[in-house]
Amino acid sequence: MVNESAVVKFFKGYGRLTIFMMPIGIAINFIGGQIALLLKLPVYLDSIGTILVGATCGMGPGAVVGAISNILNAITSPPTLAFGVLNIMFGLLAGYLARRGVFKSWSKTLLSAIPFALIGGVLGAIITIWVFGGLAVGGGAIVVGALVALGLDVNTANFVAQVPMDILDKVPTVMIVFAIIKGIPNRTHAKLPLGYIYLGKNKAGASTKPSGTSVS
Amino acid sequence: MALATLRGVSFTYAYTNEPALRDINLTLEEGLLYAIIGPNASGKSTLCALLRGIVPLFHEGELTGSAEIRGRNLFDWDPAELSREIGYVFENPFTQISGIKETVFEEIALGLENLGMPSDEVIDRVEQVVEQLELGALVAKNPNELSGGQRQKVAFASIIAMDADVIVIDEPTSQLDPESSDAVFAIIANLKKKGKSIVLVEHKMDLVAQYADRVIALNGGRLVIEGPTSEVFTSPLLNASDIARPAVTDLAEALAKVGRPLARTPVTRAEAADLIRARMKGGPRANRSR
Amino acid sequence: MPIVLDEVAFDYPDGTPAVESVSLHVKDGERVAIVGQNGAGKTTTVKLMNGLLKPRSGAVTVDGESTANRTTAMMAQTVGYVFQNPDDQIFTSSVQSELEYMPKYLRWEEVRRDERVARAVALCGLEQHLETNPNDLPIAIRKFIAIGAILVGECRYIILDEPTAGLDVPGLRLLNSLIDHLQTEGIAVVTITHDMRFVTESFDRVVAMAGGTVVADGPCEEVFADDDVLKRARIRRPEVAQLVRDLGIPTTALRLDDIVHKIP
Amino acid sequence: MSSESGNSVAFGNRFRTHVDRGNPIRNMDPIVVFIVLVAIAIAPIAFPGFVAAAIVCLVYPVIALFAGVAREFLPTYLRLFLVVGLVLFVLRAAFIEGKDPLFRLGNIAPTWAGMEEGARFALLVMAISGAVTLFFNVATVRYLMLALELRGVTPRATYVILASFQSIIDLGRHARTVLEAQQSRGIETQGNIIVRARAFFPILAPVFLAAINQTEERAISLDARAFNSNVSHTHLVTLRPARPREIVFAVVVVAAVLVAFIGSALGWL
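Residue numbers (UniProt numbering), protein chains in the order written: chain W, 1 to 216; chain D, 1 to 290; chain C, 1 to 264; chain H, 1 to 269.
Please keep in mind that the hints were generated in silico from the structure rather than gathered at the bench.
A hint or two may mislead.
Said to hold, decoys possible - Derived CB-CB ranges, DEER-like: (1) W/L111 with D/A240: 54 to 62 Å; (2) C/N38 with H/V195: 58 to 66 Å; (3) C/D28 with D/G220: 40 to 48 Å; (4) D/R72 with W/R99: 36 to 44 Å; (5) H/F261 with C/Y12: 53 to 61 Å; (6) D/A240 with H/G191: 51 to 59 Å; (7) C/Q77 with W/L111: 32 to 40 Å; (8) D/P236 with C/T184: 55 to 63 Å; (9) H/R176 with W/L111: 49 to 57 Å; (10) H/S232 with W/M175: 41 to 49 Å; (11) H/D20 with C/Y12: 33 to 41 Å; (12) D/N190 with H/V59: 57 to 65 Å; (13) C/I249 with D/G8: 29 to 37 Å; (14) W/K182 with H/P244: 18 to 26 Å.
As the list claims (entries may be wrong) - Under the rule of at most 27 Å between Cα atoms (straight-line distance), these lysine-lysine pairs were calculated in the DSS-like manner: (15) W/K182 with W/K104; (16) C/K231 with W/K40; (17) C/K54 with W/K40; (18) C/K104 with W/K108; (19) C/K262 with C/K231; (20) W/K104 with C/K104; (21) D/K281 with D/K257; (22) W/K182 with C/K104; (23) D/K281 with C/K262.
Ideal placement from N, C-alpha and C gives every residue a C-beta, glycine not left out.
Could you put the whole structure together from the sequences, leaning on the hints where they help?
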């Protein structure tokens with residue numbers, strides 16, 4: 001028989017693919033945004049990587065991807081730092097929803113756009129109001145400015161402008177995440193912390209088969 | 001001591017039904033250049049991975065039989081030690097570069113830094129390897145901006161810097177043009193001359209015939225034949241298994257079919273040229289004597 | 001009606017010329033191999049053929065129409081281009097959906113779609129894999145999935161970039177029979193390859209390139225007989241052709257089956 | 001050949017001494033730079049009005065000049081001022097309600113108080129933004145990561161950050177190839193919004209899947225380079241250790257800012 005202990009433990013313990021997934025997630029956040037820009041699409045699509053890593057590797061790695069993406073964004077646009085918590089929340093929520101099997105069915109995935117958009121829209125609006133007094137910068141600010149000029153109060157204007165914009169962004173985002181997860185080969189799923197979900201195994205089954213641990 | 005001894009080894013990857021290796025019995029000696037050949041999905045890469053312990057420690061699955069690497073059971077090895085003694089270079093030159101270093105020099109040094117080698121020793125060692133592989137022109141370049149062939153050379157250097165005795169190489173030339181392929185094989189031949197053991201997977205049979213000491217032919221996860229290069233390539237077992245052979249070997253067989261066989265079956269062009277030339281010159285005399 | 005490159009020049013983004021005064025015709029049902037070193041301008045040349053690149057000077061016409069005013073996606077209905085790495089083109093999670101993507105994208109009728117898909121499946125030997133995730137299959141099969149996805153379209157010219165890399169004996173056999181079949185349908189095949197045995201076994205015409213220009217264009221026998229061309233393009237004869245050359249046997253034969261009869 | 005290897009020896013020797021970036025500020029320990037800049041950036045919050053923030057905003061170009069990065073820093077910072085600072089100022093100045101509007105334009109009635117508040121806020125944001133921008137101009141991420149590793153941060157964490165930069169470049173490059181590959185199979189990337197939207201997934205998916213397919217090889221390749229070894233790693237590149245006067249300077253700056261905040265809380269200012 002096989003002497004499992006020392007040997008297998010080593011390979012089990014070293015984080016497997018998670019630390020290699022995180023840079024990819026961060027890059028995908030940027031590339032997604034760039035492709036959207038290239039195709040002149042009116043949406044950001046810049047949190048696909050965060051949600052993907054959250055959905056395949058768990059809450060922690062997802063949050064890390066969100067946080068680092070935000071910091072890298074801040075290099076060229078420092079005010080975005082204030083919204084870092086949004087990206088972290090996207091990663092956490094993706095990991096949470098994934099454990100509940102949300103990304104296994106397309107209808108549930110579609111519904112998940114709502115909580116993502118609420119975080120993005122409502123929390124985004126709250127941060128805009130708290131930190132920037134309701135007058136942040138970017139495309140949304142112009143809309144908010146216009147609404148205020150029309151006589152809406154600043155806070156309401158923020159919610160009215162941001163929530164629908166986020167729905168428009170998060171519906172395609174989660175559907176792309178769903179389709180990509182379907183395309184991940186089984187042998188890779190087997191080495192990702194939440195891969196057992198997509199391989200149709202329960203967690204008990206997964207614990208006898210090492211499925212890697214996150215580095216955090 | 002043998003490099004590897006496999007007895008009745010079978011391996012099935014998790015999440016697949018068909019075994020990737022079936023009942024392999026094989027002994028590999030040190031100091032030689034082994035080429036593993038066979039059609040797609042014949043188990044070549046799995047066999048390579050097994051020698052390095054990637055199967056079954058990284059890619060899970062069911063392993064039966066016994067696998068001994070350098071006289072020690074695969075499972076008794078400390079994986080860190082095994083990964084240092086048996087260097088592994090992949091086919092895809094892009095995954096061989098760490099992506100976190102700015103110059104080729106630092107890239108080659110990465111493994112030594114990770115081993116905790118003092119900086120001055122690292123520099124000496126890297127310089128030594130750079131000289132050995134004639135990479136001087138590349139040291140200051142960004143490894144992420146190199147061509148496929150250059151990356152492959154840097155990958156070799158990084159593994160050699162760590163002083164691996166054995167180097168397992170999965171399809172080193174698949175992404176390279178003929179000139180770069182030759183350059184990579186020249187490096188490999190040079191490594192062997194310096195006492196390293198080499199195991200590689202290769203599709204370009206003309207190169208295998210020219211450089212390999214022994215050939216391991218696989219088909220459908222089974223061992224078809226293992227032996228000295230010319231013996232394997234001239235074996236009738238190969239043709240039956242749909243495994244490619246050097247072009248000159250195919251030619252010799254075609255000649256035999258039309259009733260004009262060569263004295264021996266050649267595997268390299270030089271060999272074939274000698275055989276045919278001998279017949280062209282000495283042919284009539286040979287005929288007379290018969 | 002052919003693909004015509006007339007005195008075409010194209011520069012890399014940094015301004016250095018990629019190809020210069022390249023003139024080339026590809027006729028219906030022709031089989032043309034473009035060979036040469038990395039950086040010789042092979043890829044630029046084929047990208048000019050399907051409109052991915054528009055010439056700086058000179059003209060590229062396909063079936064008499066200039067590529068200048070058409071997008072590559074429009075050109076793709078006439079000129080199919082299979083990239084070297086199948087993973088650049090494959091993106092769905094089953095072989096079937098990958099093959100059906102283009103007909104669905106173009107809203108073809110079901111009958112037409114099914115017929116074209118069935119033909120591609122048969123030509124590329126994909127019968128057993130239709131339900132599988134392409135990423136779970138080996139690279140050799142993924143190569144045929146990528147080829148199949150292009151064959152579903154009704155292109156009259158197919159460009160294959162390094163199709164033999166990573167193929168085994170059965171794979172090569174399948175590829176060769178596929179190319180033969182395309183010729184019977186009158187479809188032209190253009191390949192970029194380093195594999196000279198493949199060139200001589202499956203192609204009629206060779207275009208040798210070096211430094212962004214065409215250094216030779218003609219029947220295989222002619223091009224491979226010219227030592228000077230081979231030197232300039234830094235290409236080699238197939239192994240057995242080189243053998244007969246070494247032996248001084250006077251023949252321009254390149255295919256193994258022909259060479260057998262030339263050896264004393 | 002000998003000339004080439006001579007080359008490599010010369011090249012290797014540069015690692016035998018500390019990194020010298022040719023400027024005393026850029027040679028400072030990145031973490032010290034970080035602490036000082038954070039302290040400077042948040043200092044104006046302690047002061048009322050916009051004067052403190054304005055001063056801080058003017059300090060950055062001076063530091064940049066001495067650090068020899070003015071050429072990189074100034075255009076970026078000016079652009080930020082125009083794109084972000086100006087918008088923040090105008091929006092606030094225009095919409096903050098108050099008595100005695102300077103003029104009236106429909107619902108918009110800017111007041112002097114609103115202008116002041118707008119200036120204070122815009123300059124505060126610029127003070128923080130400027131610190132971020134200046135930091136990344138003065139300190140390279142690579143040396144920051146090295147400094148963090150020397151202070152015990154695990155190489156895995158720094159790997160994630162450093163590899164992210166390279167992944168963005170690599171995946172971006174791959175995305176351009178995939179774009180061409182998909183156009184070649186008939187996927188249109190120009191036209192109306194639906195046509196363009198349909199092209200998004202076929203471009204992004206292969207980029208991600210190819211990257212994820214490479215993770216296994218990357219993991220094994222790095223493992224083969226002893227990335228997971230438990231001995232503490234050494235570093236080929238060595239940073240000059242922080243000089244005492246730099247540390248003293250940092251402590252003074254931080255202390256001064258602390259005093260300002262305490263003062264502000266106690267109502268001195």
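Right, here's what the structure says about each hint:
no.	hint	in the structure
1	W/L111 with D/A240: 54 to 62 Å	57 Å, holds
2	C/N38 with H/V195: 58 to 66 Å	35 Å, violated
3	C/D28 with D/G220: 40 to 48 Å	41 Å, holds
4	D/R72 with W/R99: 36 to 44 Å	41 Å, holds
5	H/F261 with C/Y12: 53 to 61 Å	56 Å, holds
6	D/A240 with H/G191: 51 to 59 Å	55 Å, holds
7	C/Q77 with W/L111: 32 to 40 Å	38 Å, holds
8	D/P236 with C/T184: 55 to 63 Å	34 Å, violated
9	H/R176 with W/L111: 49 to 57 Å	34 Å, violated
10	H/S232 with W/M175: 41 to 49 Å	46 Å, holds
11	H/D20 with C/Y12: 33 to 41 Å	36 Å, holds
12	D/N190 with H/V59: 57 to 65 Å	59 Å, holds
13	C/I249 with D/G8: 29 to 37 Å	50 Å, violated
14	W/K182 with H/P244: 18 to 26 Å	59 Å, violated
15	W/K182 with W/K104	8 Å, holds
16	C/K231 with W/K40	48 Å, violated
17	C/K54 with W/K40	22 Å, holds
18	C/K104 with W/K108	25 Å, holds
19	C/K262 with C/K231	25 Å, holds
20	W/K104 with C/K104	24 Å, holds
21	D/K281 with D/K257	22 Å, holds
22	W/K182 with C/K104	20 Å, holds
23	D/K281 with C/K262	16 Å, holds
Hint compliance for this structure: hints 2, 8, 9, 13, 14 and 16 are not met, and every other hint is.
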